[in-house]
Each structure stands twice: as structure tokens, then as C-alpha cells.
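There are 2 protein chains.
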Amino acid sequence: MKFEIIARDGQTVARAGRFHTAHGTVETPIFIPVGSIGTVKTLSPKDLHENKVQIILGNTYHLYLKPGVKILFKAGGLHRFINWSKPILTDSGGFQVYSLMDLRKVTDEGVRFKSHWDGSEHFFTPEKVVDIQRRIGSDIIMVLDYCIANPSKKKETKEAAQLTLGWAERSREHFLKTNNLYGYSQFQFGIVQGGVYPDLRKENINALMDLNFDGYAIGGLAVGESGQIKNEITEISTHILPEEKVRYLMGVGTPIDIIDAIERGVDMFDCVIPTRNARNGTVFSRFGKVVIRNAQYKADFKPIDEACKCYTCRNFSRAYLRHLFNVNEVLGLRLATLHNIHFYLKLVRNARAAIIKDNFIKWKSQFLDLYNSDDKL
Amino acid sequence: MKFEIIARDGQTVARAGRFHTAHGTVETPIFIPVGSIGTVKTLSPKDLHENKVQIILGNTYHLYLKPGVKILFKAGGLHRFINWSKPILTDSGGFQVYSLMDLRKVTDEGVRFKSHWDGSEHFFTPEKVVDIQRRIGSDIIMVLDYCIANPSKKKETKEAAQLTLGWAERSREHFLKTNNLYGYSQFQFGIVQGGVYPDLRKENINALMDLNFDGYAIGGLAVGESGQIKNEITEISTHILPEEKVRYLMGVGTPIDIIDAIERGVDMFDCVIPTRNARNGTVFSRFGKVVIRNAQYKADFKPIDEACKCYTCRNFSRAYLRHLFNVNEVLGLRLATLHNIHFYLKLVRNARAAIIKDNFIKWKSQFLDLYNSDDKL
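Respectively, the protein sequence lines represent chains H and L. Numbered per the numbering used here, the first sequence spans residues 1 to 377. Numbered per the numbering used here, the second sequence spans residues 1 to 377.
Just chain H, same shape as in the assembly (with noise of 0.2 angstroms):
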């Protein structure tokens, strides 16, 4: 995968980028909204593009448990079946399958695991998730990991990592004598595991860069541990990842987390929380969250952020965002989530635009000022 970097910013180790797939190109730093299940939620393919989104991520767990593979093959993979024609990332399920805990059961050869649908039996291996992805036909398609909570005992983490390392190999070896499905290139990323143990994320990391891939992420990050330490094992992550590679820190977060990483070399990130904050009532503007559903807002005629150029900041008061929700009705779901993610490309654009000017710092500073600060719009 071709990834030209096109500025660093000169106090921090953060970078601007592009790379390059078959379904258009990526500009880095970027967020990555979540596409679980053949949609982002709420959202169309339209609203996507007029919010700037460049690449959403699927999640093969449930793409695999429905529609099902076979319908997506003779769609002609993802993209043609949900109408998306710009790049998508698949995850490998790992993580799915870390979240349902009792439904499963890891061993070196894969993972059994039960439908959270129907409690039906299913086994992904490394091989068979290389396999579902071929078939997604994903532009970006990760290894099956092995997700453990933050913190869990050296001993486990140590194994954990040893097992992922395992799969990466096989996920590696599998994905070079296969071939893609649908007349285009997939790339795919390895994934650094290693807890909250710097020695443990280092001989990771050095293991899997051997195995050459496309771009590596960080996971097990995002599960538990405090950002004080998730700041530290991205900085120490990414300091050995090659410089050549892009960078994914996976499942991250909130905006303050993004910024912190971008600081730290990262240029890929994908999280829940833009989509399903909004379908809570829960928006960003530039001073803060902001609690819609509060009935503090009710006969409020201003937009969530008078600064905004999102279709719902453009056009709808926070009364009548208030309404929706206190009514139920789905309209509000939607117009929070085009703003979150709005919200959200808009900030990666921006801090791209700041390494670029080589102001970094002082546009982190002017950020977060606003964002942490009492005033309330």
C-alpha cells in the first residue's frame, strides 16, 4: 500500500499523510466512523460523502453473521452491496469476540464463539477470517487478535501477545498465496497486542514487522486502562513502528484522545463514540459536549454550534434537536449523528491542516482551550 507522507509537524512526531487503494485515496490523520453491520448508523452513503467521511470500517463478526459471506460474494463484495464507493477497512472480529466473553473459547488453533442472534456455534480461525475478508472484499482487512482487558497480569498479556503473533503469522502466510475476489488490491494490517507492558509491546512489534505489512495497528488500547497510560503505550508504539507504515490505533476515542495520539504518530482512528453518543443525545460542538436530551435546551433556538457547517447545525435549533429525542424520533438520531461525525472529520482535518502549517501545538492548545473551558455556547 503506497503511503506518502507530506509533513511532519516540527515540535511533535506528528505526521500528514495519503495513502493509496483501489476505491480512492485516504488523507492522514483520519477518523474512520463505524460501518458495524453494513451501515453506519442512521446514516446514507450521501450523508457520508457530505460530511467528508473517506473510509468507514465494517466489522467482520457481523457482516460474517449476517448477511452472511455468500450474499455478499454474489454481490460482488461490500462495497456494491451497501453502495459505499470509497475505501472500507474491515476488523477481524477479534474484538467482537473479545466483547462477548462468555460466548466464547480461545485456542492456539482459533476462536469458537456463539451468535449473540441466534446462540448458534461458529470458529473463526486466521486463515478463515483472511478468508470472510477476501470475500467482503474490504480495501484495508485486519488479522484476527487476541483482545484482552486493561489491566490483565503480565503472564496472560504475554500469552495473549504470543498467540496473536501466531495468527499474524498464519493471517500473513494465508493472505499472500490467496487472492482478492473482485478484480482489486486489499491490503493488510498486523495488529500490536502487549497490554500495558512497554517490553511486551516492543518484541511485539519488532516480531511483527518481520511479517511486512501493509500498515500496523495498535489494539488493545481503549479497554480499560487510563489515557495516561494509553498516551505512553502509543508513544512507545509508535516510536519502533516503521516510519514507511500507516498507523491505526484501534477503537480510539473520544477527541481529545484522537488529538493526543495524532501528537504521538498516528494516523488512522476508528470509535463508537461520535455514533453512539449521538443516538444517546449527546453532541460535540467546539466548547464541549453537549447533553441535547437536557431540558435546558427546550426553547433554545440556537444551532448545537453556531460555528458548524453540518446540514443539522445549518438548518435545526437545539429546541428542536431536544424535541426529537424527548419524542422519540429517529429524525434526531440522525441529525446528532451527521453532526458527531461532521464534528469529527472536521477535526482531523483540521489537526492534518495544522502539522501541514507546522503549528501543531499552538492549534492543540487553541483546541482544547475552547473545548475544556466553562463557557458553554
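It is worth saying that the hints were derived from the structure and are not from the lab. A few of these clues could be false.
Identical copies look the same in the list; a pair holds intra-copy or inter-copy alike.
[To be verified] In the BS3-like style, the derived pairs of lysine-lysine whose C-alpha atoms are separated by at most 25 angstroms in a straight line are:
1. Lys153 / Lys66
2. Lys298 / Lys74
3. Lys86 / Lys66
4. Lys302 / Lys74
5. Lys346 / Lys52
6. Lys177 / Lys70
7. Lys362 / Lys153
8. Lys46 / Lys298
9. Lys158 / Lys298
10. Lys105 / Lys154
11. Lys2 / Lys158
12. Lys298 / Lys309
13. Lys66 / Lys302
14. Lys128 / Lys114
15. Lys86 / Lys2
16. Lys86 / Lys153
17. Lys70 / Lys302
18. Lys86 / Lys202
19. Lys309 / Lys362
20. Lys74 / Lys153
21. Lys128 / Lys298
22. Lys154 / Lys74
Start from chain H and add chain L according to the hints.
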């Protein structure tokens, strides 16, 4: 209200026209999507514009309870609150109160009812309902009526019709002595009652006409009677209603009901069928209804209707829609609603074009041949 009839069908009493409001012109026959409580469920104003919606309906009962007239007044009326720039018609709350059944008590003075939200008690009089709609700022306001189920005994039906007539007199008087609140004219429609009894309908209409409303609605249909009786009562009503006033058949109906009533000289319709059916996974096509939830569509990659130009049909397959319903994604509700609204608006546009071309009966017969055929795309 200025209503122009621009064409009449030669073989039927169908007519094509247009009427003018402060928020724009409406071309008749027209279908009015139901936007009960400040949104046509799942759709944004932009979605409505793109599907050529000309006028929407708001429910006085719902809007009075939430967000309440105080908020709507502060917002500068419903148009501004929901950011809908085209005409709005509000019903009187009579039908919602009718459907509350055990939660209401009707007297000569008005109707006492309990909120379905919290059980709180409220009292609607004909005058109060005018005042509420003044504050809502709808372009067309409906009088409070007393709707009863079909069939009801003649004595009860007569009493209900007389009560409605008395309320209509008070409504008209109150309307004429009050002013609009937002600087644009509002118009008031009367509602014909009289159940399934032709003589009661005629009596009711003649008395209502003396009040010189801006338009006339036929109420008390689509509440239990057969299609044949619905057609008979419609025909009797339009026969004596004034030619130069808009005629509105409330709560009707299926595509066939609408065509039947256009043939009988009706100009306006509202109904929850396209929106509610959509949310249940039933969509309309030239070839009749399609229950898109059904497993038979799981690998059907055609659009709902290949001839349809709506966003949904231009972009998505039956298989994808079926998947969205199957995994409970709200995007499915919106895509199905978009399609059904497009279908209904196209239906009335086509009916209008046929009237203008003086070939309504031929058009109707061609539509029904396909619609009732066993061919399914």
C-alpha cells in the same frame, strides 16, 4: 384561499388545480405526508423536498402536548421550529382524541382527554383548537370535529354530526375574529361528518357551506367502513360540495382508495399508510406491495422498482433493504419511507397529468392492471 381548477377530466368529475398559501402553491390532486409531531417520521425537510412533497400535515393533539404551543410560539411557529418552508396543514386533534377512546369524554362544550404520555388531563374546545393552530401557524387549520367509528347507529351518527356542526360554527366565528400571529394568512377548513348515512352527510354539508369555509374535508371515513361505502359517501359529498373550494378526504388511503377518490372529485389526501407501512417493511411498486422484510429478497439485487427514480431505488437493492430490516438498522426505515413517499407523490402527479390530458380513466385502468397483476418484478 385562492383555488384554481386548471383542468377537468371529460369522463369523470376528477379535476386538476392549484391553491395558494403564504408558503407556496400546492398542485392538486395532492397527497400530504403525515408529520405528526414535527417530522414526517425518519425524514428530514431535505428528504421531503427531494421527493417533491408540497405540503405536510401536523397533528394538533401531538404538537400541543409536545413540544407545546409555548415553545412553538417562541420559535416563531411550526415552520421555523422544524425548518419546513412549504405549506403545513394541521388537523384539529379530533381524530387523535377519537382514537384515545377510553381516555376522553365529549360534551357540547368540548372534549376532555388524557395525554397518552403522562395521563395529564386536558380540555379542547373548538375555540381553543383554533387558538392552538394560530400558535402553530399552520397554513390550513381544521375545525374540531367529533369522529365516531363506522358503522354507528343512525341516532348516534346524527348526534355526532350535529355536535360537529355546532363546533364548526363556533370554530368559524372564533377564527374570523382572531388574527394570525406570524404575519401570514391562515385558512380554515370545515369537516363533513354523518357517517355512512347519505342524508346525514347532505344535511351536514349544506349547513357547513353556509359557514363559507376556505375548503371542506370529508371526515369520518377510513374508520371501519368498506371501500364501496367509502366511495359512495365520497361521491355523494363531492356532488354537493362547492366546485370552487378544495376538497380533502381525511385519512385516506391506499393507492387504490386515492385513485377512486380523485375520480370522484377529491383534491387532497393524507394518510399514514406510506410512512407506517415503510417502517413495517412494506413498500409500494408499480406491481403492488412488496414485503421487503421477507427472506425471498435476501439475494435479490434489483431495486424495489426498476422504474422508480427515488434515492432508494437509484442506489440500493431489495437484498440490502431486507438486510437493514433484518438487523434492525434505522437506515432501513428511512430508505423505505423515502421510497413510499416518492411513490405516493408520483401517483398523484401522474393522476394530475392524466386529468390534464383528459385520459384519467385510461391511466387508472393501466395503473390498476399492473398494480393488481400477479406479476411481481
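Hint check:
no.	hint	result
1	Lys153 / Lys66	neither (35 angstroms within a copy, 53 angstroms between copies)
2	Lys298 / Lys74	between (48 angstroms within a copy, 10 angstroms between copies)
3	Lys86 / Lys66	within (22 angstroms within a copy, 41 angstroms between copies)
4	Lys302 / Lys74	between (48 angstroms within a copy, 12 angstroms between copies)
5	Lys346 / Lys52	within (9 angstroms within a copy, 32 angstroms between copies)
6	Lys177 / Lys70	within (22 angstroms within a copy, 68 angstroms between copies)
7	Lys362 / Lys153	neither (39 angstroms within a copy, 79 angstroms between copies)
8	Lys46 / Lys298	between (30 angstroms within a copy, 23 angstroms between copies)
9	Lys158 / Lys298	neither (52 angstroms within a copy, 44 angstroms between copies)
10	Lys105 / Lys154	within (20 angstroms within a copy, 71 angstroms between copies)
11	Lys2 / Lys158	neither (32 angstroms within a copy, 80 angstroms between copies)
12	Lys298 / Lys309	within (22 angstroms within a copy, 38 angstroms between copies)
13	Lys66 / Lys302	between (41 angstroms within a copy, 19 angstroms between copies)
14	Lys128 / Lys114	within (16 angstroms within a copy, 58 angstroms between copies)
15	Lys86 / Lys2	within (16 angstroms within a copy, 50 angstroms between copies)
16	Lys86 / Lys153	neither (41 angstroms within a copy, 63 angstroms between copies)
17	Lys70 / Lys302	between (48 angstroms within a copy, 17 angstroms between copies)
18	Lys86 / Lys202	neither (34 angstroms within a copy, 62 angstroms between copies)
19	Lys309 / Lys362	within (23 angstroms within a copy, 49 angstroms between copies)
20	Lys74 / Lys153	neither (45 angstroms within a copy, 59 angstroms between copies)
21	Lys128 / Lys298	between (51 angstroms within a copy, 23 angstroms between copies)
22	Lys154 / Lys74	neither (45 angstroms within a copy, 61 angstroms between copies)
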